[in-house]
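Listed in order, the protein sequences are those of chains P and D.
The first sequence begins at 114 in my numbering and counts up one residue at a time.
The second sequence begins at 26 in my numbering and counts up one residue at a time.
Hints are supplied without guarantee of correctness; some may be wrong.
Rough simulated footprint, nothing fancy, chain P against chain D, three-plus residues with beta-carbon under 8 Å [claimed, not checked]:
(1) 73–87
(2) 91–99
(3) 127–133
Rather than coming from a laboratory, the hints here were simulated on the basis of the structure.
Being a predicted model, the structure only gives us computed values, none of them experimental.
Glycine residues also receive a C-beta, built at the ideal position from the N, C-alpha and C atoms.
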Amino acid sequence: GENVEQHPSTLSVQEGDSAVIKCTYSDSASNYFPWYKQELGKRPQLIIDIRSNVGEKKDQRIAVTLNKTAKHFSLHITETQPEDSAVYFCAASIRGGGADGLTFGKGTHLIIQP
Amino acid sequence: IAGITQAPTSQILAAGRRMTLRCTQDMRHNAMYWYRQDLGLGLRLIHYSNTAGTTGKGEVPDGYSVSRANTDDFPLTLASAVPSQTSVYFCASSLSGSGSDTQYFGPGTRLTVL
Chain P
114 GENVEQHPST LSVQEGDSAV IKCTYSDSAS NYFPWYKQEL GKRPQLIIDI
164 RSNVGEKKDQ RIAVTLNKTA KHFSLHITET QPEDSAVYFC AASIRGGGAD
214 GLTFGKGTHL IIQP
Chain D
26 IAGITQAPTS QILAAGRRMT LRCTQDMRHN AMYWYRQDLG LGLRLIHYSN
76 TAGTTGKGEV PDGYSVSRAN TDDFPLTLAS AVPSQTSVYF CASSLSGSGS
126 DTQYFGPGTR LTVL
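Looking at chain D on its own, in the form it has when it is part of the complex (with noise of 0.2 Å):
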């Protein structure tokens, strides 16, 4: 069993450029999140899915746009990138979205944008 993972591992990627993130998880969970870290700021929530077919906006979301067609994969893309989402992205899965199930941690994908 993988878990939840994430790819790629690490980027860099042209401002103006289109990048998808890649997300998948085989636990079955039904709720998935993109967090993205920046040093001094923890983590911020971009947005989320409660299940497959819905997604809703986070702390975060301007520039980033998600999609859920199916239970395991969890894309974040980003139209348009700019330096300022120079970050590292973790992807999250739970087994339900009620808020208090444990949420576990994909390994993360450093993204910079020059």
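The shape of chain P in the complex, shown without the other chains (with noise of 0.2 Å):
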């Protein structure tokens, strides 16, 4: 089945700063990759997603890119901001198999200091 790796697990930045958190994924049939913000109680939220016919989108500060041949996707979060501190997660399609849903990596806590 599909396996996604994500890191760092902790990223600490200043405020103001960009933030990079990085995916990679096994099963080359994934075709959609979302990307949830998930605050301390609360439940997961979509923040950007992307589709494998595409290389890259942004919404405001925020931008995900995708390298099909290299099986990775990255979020970047420029101009960080104290409300951008969450955990995020990435994850990917699975199709087939008998399990039609998503994987998740195991997520990224991201700090941001004042």
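Join these two chains into a complex; the hints should help.
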């Protein structure tokens, strides 16, 4: 089945600096890669996603890049703010093999230092 | 519009007891999912349903069962709870089970099995 690796597990950056979180996936059939933000005690919330026919997508301070050949994708947050502090999860779609859904990375705890 | 709701919010359960976690969505989404979230392990897919009347097994289905009698409801049952099932359980839904539709998460149920 699909395996998603996410790095780093913890990332501390100064407010205003950029943050980059990286993920790799194993199943070349995966075609959808969402990123979720989860604040303490809350549900995961989608912040951006990318599909396999696109190499990059931006939404204000957030961007995601996808390299299908290398099977990795990354989340970029620019001009970080205190409210960006949260746990971020990458995910890849599971297709076939009897399991439809998402395989998640183990998460990155992003800490924005004032 | 409520979106997706779960009940109960939290529960403490004795080992060996039967428990059903409820999930309801009013978005007329065809696909629904159950995930468990454990510290350091991210979210893992338990069961899914691509449409009413069908269900499938995810990554960690043992000890859990689901049913999908209609579009809106997707209950998760623990027939005989064990301490290793202590976790936060999230229900999610998406418009279709194509693997590339956005999944929306419920608020979660925190379950403790003693």
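Check whether three or more residues of the region 73–87 of chain D sit with their beta carbon closer than 8 Å to a beta carbon of chain P.
-> holds (count 6)
Chain P covers the region 91–99 of chain D, three or more CB atoms within 8 Å, holds or violated = violated (count 0)
Proximity test - 8 Å, beta-carbon atoms, the region 127–133 of chain D to chain P, at least three hits | holds (count 7)
Of the numbered hints given earlier, the model fails hint 2 alone.
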